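Student: Spelled out, the chains give:
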Amino acid sequence: MLGLTWLRGIVRRRSGRVIYVILGVALTVAVTASLGTFFAASRSRMTELASRGVPVDWQVLLAPGTNPSHAERVVAGTEGVQSARPVGYAQASGFRSKTGATVQSTGPGKVLGLPSDYASTFPGEIRDLVGATHGVLLAQQTAANLHAVPGTTIAIGRPGMPAVRVRVAGVIDLPQADSLFQVVGSGLSSLIAPPDNVALLPLPLWHRLFDPVARAHPEAVRTQIHVTLAPTLPSDPGAAFANVTSRAKNLEARLAGAGVVGNNLAAALDAARTDAIYAELLFLLLGIPAAILAALLTAVLAASGRERRRKEQVLLRIRGASTQRLTRLAATEAVFVGVVGATLGLAGAALAGRAAFGTTRFGASPVQSAAWAIGSVVLGLAVALVTIVAPARRDARTHAADARGEITREPGRPLWSRVYLDLALLGVGGLIFWEAVRNGYQVVLAPEGLPTISVSYFTLLAPLCLWIGAALFAWRVSSWTLRKGRRPVAKIARPAAGGLAGVVASSMTRQEPMLTRALVITALSAMFALSTSVFNATYAAQARVDAELTNGADVTASTSANSSLPAGLDAQVRTLPGVAAAEPMQHRFAYVGNDLQDLYGIDPTTIGRATNMSDAFFAGGNAAASLSRLQADPSGVLVSDETVNDFQLQPGDLLRLRMQSATDHAYHVVPFHYVGVVREFPTAPRDSFIVANASYVAAKTGSPSSQTLLVRSSAPPPTVAQEIRGLLPGSSGVTVQDLQTQLTITLSGLTAIDLSGLTRLELVYAIILGAGATGLVLALGLAERRRTFAIASAIGAKTKQLASFVWSEALYVTVGGLTLGCLAGWGLSYVIVKILTGVFDPPPEGLSWPWSYLAVAIGAILLAVLLASVAAIRATRRPVIEIIRDL
Amino acid sequence: MSDRLVRAEDLSRSFPAAGGDVVAVSDATFDISAGDRIAIVGPSGSGKSTLLHLIAGIDRPTDGMIEWPAFGASDVLRPQRIRMAFQGPSLLPQLTVAENVALPLLLAGVDESDAREASLRRLDDLRLADVAQKLPSELSGGQLQRAGIARAFVGSPGLVLADEPTGQQDRVGGAAVLEAMFAWVYRLGASLVVATHDAAVADRFGRRWTMRDGRFGDGAA
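From first to last, the protein sequence lines are chains A and B. 1 is the number of the first residue of the first sequence in the working numbering; add one for each residue after it. 1 is the number of the first residue of the second sequence in the working numbering; add one for each residue after it.
Note that these hints are calculated values from the structure, not bench results. Model, not experiment: these values are computed from the prediction. Be careful, since some hints might not be right.
[To be verified] Straight line, CA to CA, 27 Å or less: simulated DSS-like cross-link-like pairs of lysine-lysine:
#1 A/Lys311 x B/Lys134
#2 A/Lys110 x A/Lys98
#3 A/Lys700 x B/Lys134
#4 A/Lys249 x B/Lys134
#5 A/Lys98 x A/Lys700
#6 B/Lys134 x A/Lys484
#7 A/Lys491 x A/Lys700
#8 A/Lys491 x A/Lys98
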């Protein structure tokens, strides 16, 4: 009964204090629920994306002599198998075609036999380019090598048997060639370079042509069963990986040696579970600090009413209330604040979730949603209890005479300060980080094929130590400044306080705990906002670099390697509005030994106009120097590290490549000279490739044609792309891609964790926390001193003079907090980006600074300070008689 | 400068309350002139403190008129010439005793060292020199009250108002405070109005206003 009366009184008379603490609890709950929800949802999304990107989940390689029909029945009867189809794999000794007077021939290749419904059963495995979608289909590169088009008759060489002639029905692309031609049975990393030449035949025709080969040379012909699984995987990528792996092993056991499983889905989930671990680390490094900061803010807000609460407790004690009764009253207040705050927080999280992710659910499943909701409410209650009941109980135990709640001279330095815990933590954090970076470690190690993932949680101690160390150090600096530096503080206050600077400085030094608390909260907010936004900006920048690399430039027009862009397209494009530069680039193929590699012919002096030539693309880290070396030697080539190692190349060495001539369509040796190493290049694949001078390639192959046009735009890339499409006839076969569209693909891809939702939330919360922390703490600190201002006013202080107290404190808290917070945030950003290097693709060369966001965040903090200060100053203008009457 | 410092006619002040307005001061008409020594006496709740607040200009009447002919026509707070020593502790908790006493001068733009010197002189008069550098939280109730009185007399006020200035002093201490106050007003040429329920204190004053239920009784101006 007394509890309810007490609660009613508090809500009526101390509504401000109650509302602020409720808001703090709500913010803590909202941050936790939102971020937790995001990570719970992102895990299931990763699993979904991983499985969606795999057209063939399993490739079951049958042992020679196995009855394919029986094996297919066993596979199809396996639990969870949705569809199973047999696929024939045969070696071809070569392909040959005759166009006009010339004969084109290729090296060895593969011939696959596919059932008629293969393309519809495994969508994504085959991409139709030209001609029919059924019948004899040639891979794009093979068609280019043979100069074959639909209708061309080609000869397929069979090992030990006469070649057979077939008519080409269409040309296709095999986007998943790496997995399609993997060596099944030698582990998850059994991906090898796909064959240079591939033909797909209808399964009956394949059997007719290659069954005889199988009898004579069984090693040249194999059968696989391709499988799709029902989409009922556990939402966690790690659990899904374990599930799929164990099912594959179970199938192998049931096949009893008749087949081994190439587990494409497990391979994709293997990568996803690493991403999931990174998501967990991001939650630890970016999400938890936000929740802790919100909880700290709540504690500070609750502490701002402590003096008043202590006085109320003294009155109750005088009237006979026991410590237990006082604690119960505080608990009543805490439960009320906790429940209301948690409810508001959940509502806020639902709204934030709707804005950021388009859902108001707190998890991927109802159970997960309930768990997060309950967990968040429990957290809200815990924060309320800890911040209200614990101090109230401590105060209730002190004697009434000690509870005057007034400012005392220099409270003792806390233990952590006396033992220099802050400096120790900064040192330890720095050491752990240095040790980790020095050894070039990976925070997440996921050995392929093994169900366990090794995470170096120890390394996470570095940012943790730096977080806590920086906060305590900010505390030490502020505390020391205010305790020891009345003169410097007076100097800081002089612009705002004028002639009252001395007395304002004295006042500030005696309010050291309150001002230090506000400064540290401001510093923590700035640190959080800075580290989150810099991480986000760096991630976005790297995603852009990745997209640029994939797309080649802002806008790219490209055609296949065996055709060419329409003549004069580059000149036409340059005249379009919104086009800053357009540079053509050759895309050819060249044999390096037996290895067919992509070759890019460029003009080293002009390529940089249309696309960024990053230093990171070239060994030695100097793009200008590498391109200059290429330009200096017309026959120069830049090759990959792998090629340099394979051929033990030294600068200047002769490299004899075989390239197709435009005159006779045959491959001829073209001499090049090795001048440097290229690691990445616009539009180039991730494995080996070559960059050469376009003029030299044109002279040696007899064709100056370009296959790619790189365009730098000064207008939105999609608009420019649309304009370029307008220049092309419908049958040109030229594809026009823009960076913005590519960026969407890159960011939603599995290799890059989709951070957009997380960062949107984090950045918004960072601003709310920053502005809320600084503004509310300052406002409450000032509100608690209404009596002080009333007295000062009664003894002659004008509003302007009272304002000088307010502005001086605001200046100290804001400038000090932001300076220390930004310095610490910069260091923390560097550490987080380095630790989570695995998230970035490619790894960043440096930090990216989101200046506009930081300007908004700092602006929000300054605005909050301004509002709090103005409100406090306006409050001093109101009649103070209510306070004076109590004097 | 006019000899009349304060003039009030039919001055009333009431406060809203749950059961209807509470009248603290009702229809008070009076003058305060230079050199006046006035004691306002009456039981607790008779309106003494409210009347002092109205005279000090830190509260506004709900009815009637009050003006300060010697200190200007405006009815805004004029704390540099009219000072108030409050009944309860009224020092700023974050400033030392010396800083608190010097504060009115600092707010008036007096140089910091001059203000500090003046403050120390007043504190010395009230035997508070040894606590000058202490914080209010380190002082007893009596010391706090004396420090508040010292602050009211620092500089050159024309009128000092004191609410129960001896309320927290023992007999000897109260007498000493009273002596100091009379000495200061004499030296400064200031007027002094105190609210007290101590008849012995009131006897030391030339004029006495008796209040009951917000109204002046016998002896009123």
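Student: Against each hint, give a clear statement of whether it holds in the structure.
Tutor: Status of each hint after checking the structure:
Distance check on the hinted pair: A/Lys311 and B/Lys134 sit about 23 Å apart at the alpha-carbon level, within 27 Å; holds. A hinted pair counts as satisfied when its Cα atoms are at most 27 Å apart, and A/Lys110 with A/Lys98 qualifies at roughly 20 Å. Proposed proximity of A/Lys700 and B/Lys134 is contradicted: the alpha carbons are some 95 Å apart, above 27 Å. The hinted pair formed by A/Lys249 and B/Lys134 fails the criterion: a straight-line CA distance of about 81 Å is larger than 27 Å.
A C-alpha spacing of about 23 Å is found between A/Lys98 and A/Lys700, which places the hinted pair at or below 27 Å, so the restraint holds. A C-alpha spacing of about 17 Å is found between B/Lys134 and A/Lys484, which places the hinted pair at or below 27 Å, so the restraint holds. Restraint check: the Cα-Cα separation between A/Lys491 and A/Lys700 comes to about 76 Å, which exceeds 27 Å; the hinted pair is violated. Taken as a hint, the A/Lys491 and A/Lys98 pair is broken in the structure, with Cα atoms around 91 Å apart against an allowance of 27 Å.
This entry does not satisfy hints 3, 4, 7, 8, going by the numbered hints stated previously.
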